[in-house]
Amino acid sequence: MLELMYATGIRVSELVSLTIDDINVQAGYIRCSERGRERIIPIGSVARISLRQYLKQARPAMISDDSSAILFPNYSGQPMSRQGFWKILKQYAAKAGIESDITPHTLRHSFAAHLLENGADLRSVQEMLGHSDISTTQIYLKMNTGRIRDIYSHTHPRA
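Everything in the sequence shown is counted per my numbering, starting at 1 for the first residue and increasing by one.
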């Protein structure tokens, strides 16, 4: 779950409402529908490997009914809540020694910031995040001073 959320930047509400039909591990994408809009988001190789392992090993142990379409059920086989995901995230953060406050939105923010830092265009990131207004996506453009200095020194002719 954590890998998929970071790999796609989806909202926690979208993550916990995913069904088996919303994912295509072979083709490498997920389909998210929220607020009457649908978007297709690519998933990378690491997330695909994690999803395959999860679908083969962990998920079957959590569902009692093979007809259940829930991608991420809780331990009783019901749809996981946003709060349930947050609890899992906090537990993993504590195990990793992360002391700063981490929320599900932290993964979404990291997804967007890392794409932009590595050259993705703002419009593509907007589409993947499902933002209707580009100004919402521009928040993720904040860059650290060192990166700005590095870009300047490598691109300005008089640097």
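Among these hints, one or two may not hold up.
As the list claims (entries may be wrong) - DSSO-like, lysine-lysine: derived pairs with alpha carbons at most 27 Å apart:
hint, residue 1, residue 2
1, 90, 56
2, 87, 56
3, 142, 90
Stated by the list, open to error - Pair ranges (Cβ atoms, derived):
hint, residue 1, residue 2, range
4, 96, 44, 18 to 24 Å
5, 158, 132, 37 to 43 Å
6, 86, 157, 46 to 52 Å
7, 119, 64, 41 to 47 Å
8, 150, 38, 35 to 41 Å
9, 101, 158, 40 to 46 Å
10, 21, 82, 41 to 47 Å
11, 60, 153, 50 to 56 Å
If you're looking for bench data, these hints aren't it; they were derived computationally from the structure. The model shown is predicted, which means the values in this text are computed figures rather than measured ones. Glycine is no exception: its CB is placed at the ideal position from the N, C-alpha and C atoms.
Results of checking the hints against the structure:
no. : hint                   : in the structure
1   : 90 to 56               : holds, 25 Å
2   : 87 to 56               : holds, 24 Å
3   : 142 to 90              : holds, 26 Å
4   : 96 to 44: 18 to 24 Å   : holds, 21 Å
5   : 158 to 132: 37 to 43 Å : holds, 40 Å
6   : 86 to 157: 46 to 52 Å  : holds, 49 Å
7   : 119 to 64: 41 to 47 Å  : holds, 46 Å
8   : 150 to 38: 35 to 41 Å  : holds, 38 Å
9   : 101 to 158: 40 to 46 Å : holds, 42 Å
10  : 21 to 82: 41 to 47 Å   : violated, 21 Å
11  : 60 to 153: 50 to 56 Å  : holds, 53 Å
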